[in-house]
Each structure stands twice: as C-alpha cells, then as structure tokens.
Amino acid sequence: MHDRVVETKCLTKRYGDFVALDALSIHVDRGQILGFIGPNGAGKTTAIKILVGLSRPTSGEATITGVNCSENASKIKRLVGYMPDRFGSYDNMRVHEYLDFFGAIFGMHRRDRRKRIAAVMELTDTTYMQDKFVESLSHGMQQRVGIARTLLHNPEVLILDEPANGLDPKARIDMRQLLLRLASEGKTLIVTSHILPELARICDTVAIVGGGKVRAFGPLDEVMRSLCPLRSYEVQLANPEQLDRAAEILGKTLHASEPISLSRPERVLRFPTVRSELELSQLLQGLVAENIFVSQFREVTSDLEDAFLSIAAEDGPSKTTNQVDANAGLVVH
Amino acid sequence: MKSILFLENPILRRELFSRLRSRKTFLAILSVAILSSLLVLLRWPSDATIDLINQGSLQVFRPVAFTLATALMMLIPSFPATALVSERRRGTLALLLNSPTTPLQIYLGKFAGNVFLALVIFSVSLPALAACYAMGGISLVDHIGPLLLVLFGMAVQYTAVGLWVSALVNSTDASLRWTYAAVLALAVLSIGPTVFVGKLSGTRSLIAHWTTAISPISALQSITGSQAQASEIGISARWPEFLAVSCVITVILAVITLMRLDPRLLERARPTGKVVGRTIPKKPFEGWVRRVSYLVDPQRTKGSIPWWLNPVMVKEFRTRKFGRLHWLIRLVAVSGIFSLLLTVVAATGTVSWGVERIAPTMVLLQVALLLLLGPCLGANLIASEVESGGWDLLRASPISPLRILIGKLMSTIWTLLLMLLATLPGYLVMGYIQPAMSGQVGNVVISLVVAVFMVTTMSACISAFCRTTAVATATSYAVLLSLFAGTLLIWVARGKPFGPLLVERALLLNPAAGALAEMKTPGFESYRLTPESWYIGATISFVCLTILTLRIWRMTRPN
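Chains as they are written, first to last, in this note's numbering: chain G, 9 to 341; chain D, -8 to 550.
These are computed hints drawn from the structure, not numbers from a lab. All figures in this text were calculated on a predicted structure; none of them were measured in a lab. For each residue, glycine too, the CB sits at the ideal point set by N, CA and C. Accuracy of the hints is not assured; some may be wrong.
Claimed, not checked - Some chain G residues close to chain D (C-beta under 7 Å, calculated; not the full set): (1) E15; (2) C18; (3) K85; (4) P92; (5) M101; (6) I113; (7) R118; (8) R122; (9) R124; (10) C236; (11) S265; (12) E266; (13) P267; (14) L270; (15) R272; (16) P273.
To be verified - Anything over 10 Å on all C-beta distances counts as not near chain G; from chain D, calculated: (17) A235; (18) S388; (19) G422.
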C-alpha cells in the first residue's frame, strides 16, 4: 500500500490563450524523490507554484497529504518547505538571524526555534557560518542555508527548484547526500534540475514535462525503458583492420532500422537494437566464428539526458531546438 | 580625442539612447514642460500690455526660474546616481573595464550623456522663457542667459556628484539616497552657516561668501532681482561665482571618480561579518572601546525574536544599515543635540534671533530630515523585498498580509518618530523660555507626527507598485518633494497670480506649512492651517494606507 503524499489530477493552468500546464497528473509517495524535468518554459515552475499555494490552477486539483493546495493555502504552507530558484537574501543579516526570522514568521516558539535552528544547521552543515552575513556567502553556501530555511518548520514535503544550479562538483555531491538523507528520514522531495545526471542518481521517480504536458512519468527504470526502447551496443575490436569486415558480417544480420556506425580511432562499431540477449550472443558468436578479434562487446546504457532529448525532439525542431540546445549546453558544462 | 568627447563615444551613445527611450525621461520632460507653461499662463497679465519698466515681467520670470531649478534638483540626480552602481551590479562594468574603452571615455560618456539629457529636459522650458522675454523687462544678457548658465552649472555639478556617489556605494537605492542628500547639502545646507552665524568680517567673511556660492539659491536670487532679500540673510554670491564654484567641484569630483574607475572598483570584498563572543574570542579592551563608542556593541550576538514583537518589523530594522540600534542611538542623539543647540543659541542671545526665529528653523530642519530619510525608508519596504526574492518566501509562509503590513510600516514610523522625539527637549526649553508658546509647540508636534504618517504611507504605497527599489526611491522623493516643496513654491508666488484662498488651500496639503504657521513664521502669520491640515494629512494617509493594504493583500494572494 503506497502512502501517497503529493498528487495532482488533470492540473491545468491557462494564461489567456496560452496553456502553461495541460492536465498534469502525477503523484509522489512518502520518502520518495521526484525528479521534475523539462526544458525552459515547460511548466515546471507553474506546477510548483500551484503545489506551494502561490498560484491557483484553472482546472484540476493538487493535494498534499490530502489537503487541497488552492483551497487551503495556509495549511499547505506549513506542510511544504519551498526553496525557489532565487535565494531571497537580506542585507546586513547574519545566517542565524536569517533563520530566526523565518522561524518566527512560521510562528515557532522562541525556545523551540532556537533548538530547531541548531538542529537544521547541523543537518545542513551550516553551523560554522551562523555569524556570517547572508549576502556574503558563496552560492553553494546560500543553497545550503536555503535548505536549512525550508526545513525549519519541519515540513513533510520539500519542493526544491534547481537546488544544484551553479554548484561546484564538491557542493553538488554534498547536496546529493543531503537530499538522500532527508528522503531516508521520511521527507518527500520534489526536485527540479537541469543537471540530469544529478537527478538520475537520487530520484526514485521522474516526471518529464514538455509544453505543459506530462511526456513521461514513473519509476526511473520504467521511464528509461519506455523512452529509450532501442538499446545501444558497442563492439570494440583488437585489430582495427578488421573493422570493415566486422561491419559487413553484422550488416548481414541486422536490419535497416539498426544502422551501424564506425569509429576507427576507437576501433568501435555501434548499433542500436531491440534484439534479445540470446540474439545478441549469436551475433557475437558469428563474429568470433569469422576470426574477428573482439576485445569488448557491451551495452551503452541510456541515461536521463537521452530520455530528455527524445522528449524534446518530439516537440519538433521549430519549437524546441533552442531550448534543447540550451539545456544540452548546461549539461555539458 | 573625437571618440572621447563626442557622439562617437559608444558609452555616450548608449547612455543617451537608452535614457531617451525610457518612460522616466519622457515623464520628466513632460512634467517640466507642463510646469513651466502653466506658471507662465497663470502669471500672464490679463491686460496684456508691454511692461518695460516695472516688476511685472520679473514676477512671471521669478517663479519660472525657481521652479526650473527645483525641478532640476529633483530630476537630474536620479540618472547619474544609478549610472555606475547599476553597471557594477549587472556585471557590465567589468565588461567595459576589460574592453579597450578607457576609464576617461566611460566617465565622459556617462557624464556627457546625463548633461545632454538635462539639456533636452530643459529645452522644453524655452517657450516659457521666451514668453517671459516677450513681456518686456527681461533681457537675454541679464536674465535668461545667466539663468540658463546657472541651470547648466547645476546639471554639471549634480551629475558629477551623482557619478561620484555611484562609484562609492554598493546598491542603487543607497546611491540615490546619498546623492539626494549630497545635492541637498550643496544646494541648501551650504548657506546654513552664514544664515545662522550672521554677517562676518575679514577672512571668515570671504570663506562664508564662497561657501554660499556653492548653492544656486543666491545666484538665482541675483538673476531674478531678489538680491536685497538674499543680502538680508547674509548671502550675496552672484551667478558667475556659482559657475566658478560649480566648475571647481565638478573637476574635483571627476578626478576622484576617475581615480576609482578601474578594475579595483570591482574587487570589493563582501563583509563576512563577525560576532565577538561566539565564534571569535572576546578581547576585553576592544569590547570596552566598542561599548564606549557605540553604546550598543554592533558585533554582539542578536537574540531570537521575542513573541511579542512583529518579526517583519524586527527584520526590517536588522536589515537596514542604519536600522541597527547603535545607528539609531546616534541618529536620535544628533537630532537631540542639534535641537538643544539651537535653543541654547536663542536663549543665550549669541545672535539676534529670538525663539520665534529658532522655532521655524527647527521645524524646517526636522522636515528636511524627514524628507531625506522618510522616502528612502518607505520606498525600501516592499520594492526591495520583491527585488531580492524575499517576497516569494514571505508569500510561501503562513504570516498574514496584515502582519506584514504592520511590521513594515511600524519599522519606518518608529524610526521617524524616534527622530522627532529627540528634538522634543529643544521645544521643551523653548516652552520654558516663552511659556505662552506651549500650546503652539503641541500643535507643531501634532503637525510633524501627521507629516511622519503621510511620508511613510505615501512612500510605502509607491513602493508597493514598483518592481525595483531604485525606481521606488526616485518616485517617492519626486512625489514627496513635489508635495512639500511644491506647495511652498505656490506660497512663494502668493499675491500674484495665486490668490490667498488658493495658497491657503495648497498649504493645507502640507503639514510642515501647518507647523510653520503655528510658529508664526514670517509670511505664514496670516494663515490658519490647523486643525484642517491635520485632517487632510490624516485623510491622505488613510487613503494611501487603504490602497497599500489592498495592494499587499493582492500581492500575497495566489496569482
């Protein structure tokens, strides 16, 4: 029996003729991390704003632990810890004072607030920066203070918009470990990110949105299988002179829908296929039987980037080429 | 050289085009055109006869000249004040400094861009000046030419001030605040010492004379034929002296700004903050020195916000540079000392001023301080929260819109009231010297409290409709100066064309005028403004508060 914490049913948001969100239906169970992925303008922030009670849907329903997000916004604010993509810094304020202020506006009693601030600072490893001015912190430090702020009132659900954005590799690893730790403590997390390999490492479930619609939703493995049915294989040869002959042998068995590509510097042949393990072992056997010296025969695993790009490609080049390129650029960097 | 000075300078082209495209510039041009035309229309003689001898044409020319100068003081500083600081915050200053463009080109581009803009704005007042000329009695050489030169001198001087401040500070609103304070000091406070101390002799007289030449007031009075009034209060500088001083100030500030305009400007370390006693061991001597100099140690650990205080109000005080207790104590102390000093001057008879003259001076100084601090405090309330992204965090919290509103307003009202309270000892001493004045002092205090509420609610209301703090600050200053200084300009032009009824109605909008009338300030004796001005002030505050409440309620709703 799943303990469903966050649920949206046919969530739609229109701004005049523009449909920002089109019948979004997703759900997240307790202790799970949902990766919310999509190109810029896909509707991620709109969906998040509805979930945290900052926006109302045109139609449909969003609930958190059964509480309707648009009808009971004040209750939702206590259930959710929201970290927007902008930190929201104040001048001349120390980290401790900053957290104390947010504790106070959540109505926490002074004594409880002190204890809670100490606890969240320890959890997010921000205790050493408690006397620093908030605006003087580096981006990575601010992100950690941001997480501490969202945890102050001990919410059941954490919604984090681009928490890994602009972080260096070390800070990213720390952030990943922190999010996994929070999930293990029973928190439910919704995380958006453009750094897809990061999400792939922590998410149980992913929702890929494009043009306001859900393009894929479910456990990470299932989404990968449904979006990337063609598995990619690589055959690496010991002798580069045998590349053309190997390609000829493989070509006799493979169909036109399984095109072979050659990389001479790498001594590698690549092909996508839907063939079973048995059929693939027969292919390998055929190569060996023809005295082809195979050094490696391996599957190239598809990742979230491939899934994302396949979704983006479905939207058509005229609509999303730039967005996809922009995102691809971010990933590369 | 050509590319440094003229339109080939890419910085100048960009500055000029971007400024001319902005709505702010359009509104500035429009307001100057309307104001100058309206004044000429109102003062145009109904019999339309040519007046070559008497003062009729000067009576039209005088308010036009003072209005143009006031408009220039209000409009021009806002452009250069944001020129360098906004470039630095956007990161484009680093790009400029890393390009082959020299710091001199950058400075001259920005400087010339702002001066050209001032010329464009004031070119729309030329028809009004031409109308004055057409009336007769006004000459190009003695009146219109010198006026245009003084206005040009002001534009150049205030542009240099704005750019200098912009290179010093870290935020656009701080830059606006300090630029307006510097312009006010140059234009008004520079004549203060001479007015207070009276006529001097020898070298001190020479120094006092050149100090008053910093202000355009004396120059404008000499141009508009009011030199006798100026000499009465001890200022006698003429317009060529003002131009000479303007040139010197402009060159000095330009050199200082240019010296700062290099990559070192971008190398400012962010203050990391340190709290003695928790993360850093306490040094007894250092702690003792800080306690003596600050009274409240600024580095001491702040406690948690208690339940009985509005957290938004506490946050506002803590995030304001001058909102921290050690700064508030200084502000209050300076206000208190100054008011007592003035009263002592009156009591000891060092100058031939009585309580009747000191009291209006105190009122004017209090209103000046109120107008200097109030708009920037109020304008910061909502716009800076929206700009920093903090507003979304407040919206995502369960705090009610009413609590946000109360917290924000109270943070400004308390600061301004504390400042007013600090001057009460001065009034008490006055009441002791002249017991008959006690009732008047009470009415003055009420008028000033009404002014505090008006300034706070109006600037907060403006802030709620602006997306950036810089725009909110500039708009607040413009609106409040128009209300407080504009009504006094109408009073200046009393008799012709403004009848006593219109002047009285205009003054009713200004609680400071109510306070001046209570103190029987020369020129205000015939007006009976209280309690009507209190009711009007309270109504304006209430309307602004209602609009602000609705706006905040709307801003906290799911959109």
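Hint by hint, here is what the structure shows:
1. At its closest, the beta carbon of E15(G) sits 18 Å from a beta carbon of chain D; the interface hint therefore is violated under the 7 Å criterion.
2. Contact between C18(G) and chain D, as hinted, is not supported at the beta carbon level, the nearest pair being about 18 Å apart and thus beyond 7 Å.
3. Because the beta carbon of K85(G) sits about 5 Å from the nearest beta carbon in chain D, less than 7 Å, this interface hint is met.
4. The interface hint given for P92(G) is met, as the beta carbon of that residue sits about 5 Å from the closest beta carbon of chain D, less than 7 Å.
5. A least Cβ separation of about 5 Å between M101(G) and chain D falls short of the 7 Å threshold, and the interface hint therefore holds.
6. Evaluation of the I113(G) hint against chain D yields a held restraint, the C-beta minimum of about 4 Å falling below 7 Å.
7. Taking 7 Å as the C-beta contact cut-off toward chain D, the hint placing R118(G) at the interface holds, the least distance being around 5 Å.
8. Hint on R122(G) holds. Least Cβ distance to chain D is approximately 6 Å, under the 7 Å limit.
9. For R124(G), the interface hint is violated, the least distance from its beta-carbon to any beta-carbon of chain D being 11 Å, above 7 Å.
10. The interface hint given for C236(G) is broken, as the beta carbon of that residue sits about 36 Å from the closest beta carbon of chain D, more than 7 Å.
11. Taking 7 Å as the C-beta cut-off, the interface hint given for S265(G) is violated, the closest approach to chain D being about 48 Å.
12. At a threshold of 7 Å, the smallest CB-CB gap from E266(G) to chain D is about 50 Å, leaving the interface hint violated.
13. At its closest, the beta carbon of P267(G) sits 46 Å from a beta carbon of chain D; the interface hint therefore is violated under the 7 Å criterion.
14. Hint on L270(G) is violated. Least Cβ distance to chain D is approximately 45 Å, over the 7 Å limit.
15. Hint on R272(G) is violated. Least Cβ distance to chain D is approximately 43 Å, over the 7 Å limit.
16. With its C-beta approaching chain D no nearer than about 39 Å, P273(G) sits outside the 7 Å limit, and its interface hint is violated.
17. The claim that A235(D) is not at the interface with chain G holds, since no C-beta of that chain comes within 10 Å of its own (minimum 41 Å).
18. The claim that S388(D) lies off the interface is violated: its Cβ sits roughly 5 Å from the closest Cβ of chain G, which falls inside the 10 Å cut-off.
19. With 10 Å as the threshold on Cβ separation, the claim that G422(D) sits away from chain G holds: the shortest Cβ distance comes to roughly 39 Å.
Hints 1, 2, 9, 10, 11, 12, 13, 14, 15, 16 and 18 from the earlier list are contradicted by this structure; the remaining hints agree with it.
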